Structures are given as C-alpha cells and as structure tokens.
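J.: Go ahead and model the full structure; you've got the sequences and the hints to work with.
Protein chains: 2
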Amino acid sequence: MRYEELSDEPCSITRALVLLGDRWTLLILKTAFAGIRRFNGFQGVLGISRSRLLDRLDRLVAHGILVKRTPESGGAHEEYRLTEKGHEVYPILMALRDWGDAHLAPDGPPIHYLHDGCGGEARVHLRCDGCAAELTARDITLQAGPGFPVPS
Amino acid sequence: MRYEELSDEPCSITRALVLLGDRWTLLILKTAFAGIRRFNGFQGVLGISRSRLLDRLDRLVAHGILVKRTPESGGAHEEYRLTEKGHEVYPILMALRDWGDAHLAPDGPPIHYLHDGCGGEARVHLRCDGCAAELTARDITLQAGPGFPVPS
DNA sequence: CCCGCTCGGTCTCGTTTCGAGACTGAACGG
DNA sequence: CCGTTCAGTCTCGAAACGAGACCGAGCGGG
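Top line first, the protein sequences correspond to chains D and F. By the count of this note's numbering, the first sequence reaches residue 149 at its end, each step adding exactly one. By the count of this note's numbering, the second sequence reaches residue 149 at its end, each step adding exactly one.
By construction, these hints were calculated from the structure, which means they are not laboratory data. Predicted model, so just to flag it, every value in this text is computed and none were measured. Warning: the hint list may mix true and false statements.
[Claimed, not checked] Cβ-Cβ distance ranges computed for the label pairs, FRET-style:
1) A141/F x G44/D: 30 to 38 Å
2) R135/D x E131/F: 21 to 29 Å
3) R47/D x G38/F: 34 to 42 Å
4) H74/D x G44/F: 52 to 60 Å
5) D52/D x P103/F: 24 to 32 Å
[To be verified] Reference excerpt, derived from the structure (chain F facing chain D, CB under 10 Å, subset only):
6) L43
7) V58
8) L132
9) G144
10) P146
[To be verified] Computed list of chain F residues with no C-beta within reach of chain D, every gap over 12 Å:
11) L3
12) F36
13) N37
14) G38
15) S48
16) L51
17) D52
18) D55
19) H60
20) K65
21) P68
22) E75
23) R135
24) D136
We treat Cβ as the ideally placed atom computed from N, Cα and C, and that holds for glycine.
T.: Given below as structure tokens:
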C-alpha cells in the first residue's frame, strides 16, 4: 500500500504517474486515441490479459477518463470512449512520441502525426506563458503554489 | 516475455512506454531533475525498495539516460546524472504535470514551474510545425513514416 | 425455435514482479 | 580501531500478472 500513498505528495507529476503510470494504462489510452472502443478490441491489439484490462478500464472509468456506454446507434455491445479529461492526456502521449522518435526510431519516425489542415508535423513544445520563449529543464525554477500544504 | 515484445511495434509511443512506462522509472527521473544524484537519495525520497531501485537505475544507465560516475570533486561515492538524452524526457514530465495540475490539484498547483528570466509559467503546447497552430488530438491525422516496416 | 457465434466479463492457477529488511564490503572520520 | 555511511546483495512472503477455461447475454441463420 506504500506506492499508492505517493499520490498524497504535493506534486502533480507524482499524482499523475500514480494514476496513469503503470505498464498498461497509457498504452490503453493510446489505443483509445487510435479509435479502439471495444473490450475485445483493446485486448486483441495490446495482448493484455482480460482481467488486467478490465481492472484498468474500470479504474479509468472511475476516474472519469473513459466513459462506458452502449452506443445509441443500435449496437448492443459496450463502448469505452474518451471523456474530455481523457482527451487532455494527448500531450503526454505526444511528448512520449517525440522522445521515442528522437531516441528509439533509428530508421526515422514509424508514424507521422500531421496537422489536418496544413500537413505540418505536430510537436510538443515547452514554452513560457509570459514571454513565449522556448524552455528546457535548465531554464526553470520551482516555487511553491497554492496547492502546497502549509505548515500549520 | 510478451510485454517487452511490444517495443517491436512501429510506434514511438509504445516503444517509449515499454522503456519508461513502469511504476518507478519516470518517478526516478523526476527525482533526478529535482537534483537528487545518490542511490540513497532516490531510495529515501521515493520509498522504493533497494533492489528495484538498482534494477531501474541500471536499466537507465544501460540506455544512456543516466550516467553513473564518481564526482571529480573528490567525493568517493557514486553519482547518477542525467545525460542529454535524459534531459530530453523533461517535456514528458511537464505534460504529466499539466494534466495533474488540471485534474488532480483541487487546491491549485502544488508547485509552480517558472521561467528563470521572466517568472512566467512553463507550459506544454502541442503545435503544428508548419503553421504554428495550437493543436488537439482532433486536429491530427496519422500517416506512415520512414520507420514503418515495408511489407516486403 | 434452436444452434453457433461473438460479446463483455469472471475464475483459477502457476509465474513473475515486487517490498521489507537483514546483510556485505568498502570508504571515511575521529 | 571503532562507528557510520555508502552502494549493492540476498532472502522470503506478498502482490501483480498472464494464460486460458469458463459464464451468461445477445444476435443471426436456418
């Protein structure tokens, strides 16, 4: 029970990782972004065991990242779909892709992610909200925010 | 041995996740970005078991994400430091932080990540390399790239 | 109506991964 | 020479996991 306690840490990275950062969860979400919606779809594509997949889907539904419903277009079978909260994990996946393309794709990117309109590549940028400069880890300083526990 | 085989998939997200996407690896890297360099430092901060920590550090060193060395400034003890390849995972952590701040921080961000120079907030943006538009998952189309296996 | 199929979901069992914590050897300080 | 701290190893019990059989519900064809 020690690992889950990490989500009490006043750190959004840690909290997000405790929720999303196991072996399967982000892979499931990546598959969902690829348009897969059915239980057997996920299971077939990923090769995850059925009970594990159900655990993960249930957890994602419980946290409002997926919704489970039967499609109104007649079909009798269940669907798992991304909520808005789920859609917002996309930049995480794209950051992983950027790093993977740079370091794990010796023959070049296996897949291009292109802007519908103009055909340009989608890329993740770390930018300053104030001056719009492009940032790296070295340009950043940490400071306690409103969610940081006060030593009362 | 099934899970590791996923890194053969022609998908940079999947490959990155097989390497970085277990419960501890990204947490270890986050701790490294926070300035921790020593074995006992990681172990104390994260509460990970010693043998697991060693596994993960060894793997990160083997993949060139960390380097292990004794600091030239006298000290007799080992140090684990981020390589350039390691530094480049920072946007992944920042994307996780953005999502965590938005959905797991009801009292506001626990920690601000501020641009050294101007004090603005650092944020991750998904942008089109061509037209510089801000993108979401809905604006993106997939297309096979040079690293995609040809059906020879 | 019945039969075979696919669906999401459950159950069991053997394997792998993991955590807790005792332990080792080497380096350092007093 | 002793106590401490360091990185790293070892053992053992607990938890997570994979494979695959199994279940009931719906659906389609005959």
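J.: With reference to the structure, classify each hint as holding or not holding.
T.: Verification of the supplied hints:
no., hint, verdict
1, A141/F x G44/D: 30 to 38 Å, "violated (22 Å)"
2, R135/D x E131/F: 21 to 29 Å, "holds (25 Å)"
3, R47/D x G38/F: 34 to 42 Å, "holds (40 Å)"
4, H74/D x G44/F: 52 to 60 Å, "violated (42 Å)"
5, D52/D x P103/F: 24 to 32 Å, "holds (25 Å)"
6, L43, "holds (8 Å)"
7, V58, "violated (15 Å)"
8, L132, "holds (5 Å)"
9, G144, "holds (4 Å)"
10, P146, "holds (8 Å)"
11, L3, "violated (8 Å)"
12, F36, "holds (19 Å)"
13, N37, "holds (17 Å)"
14, G38, "holds (16 Å)"
15, S48, "holds (15 Å)"
16, L51, "holds (17 Å)"
17, D52, "holds (14 Å)"
18, D55, "holds (18 Å)"
19, H60, "violated (8 Å)"
20, K65, "holds (19 Å)"
21, P68, "holds (19 Å)"
22, E75, "holds (22 Å)"
23, R135, "violated (8 Å)"
24, D136, "violated (5 Å)"
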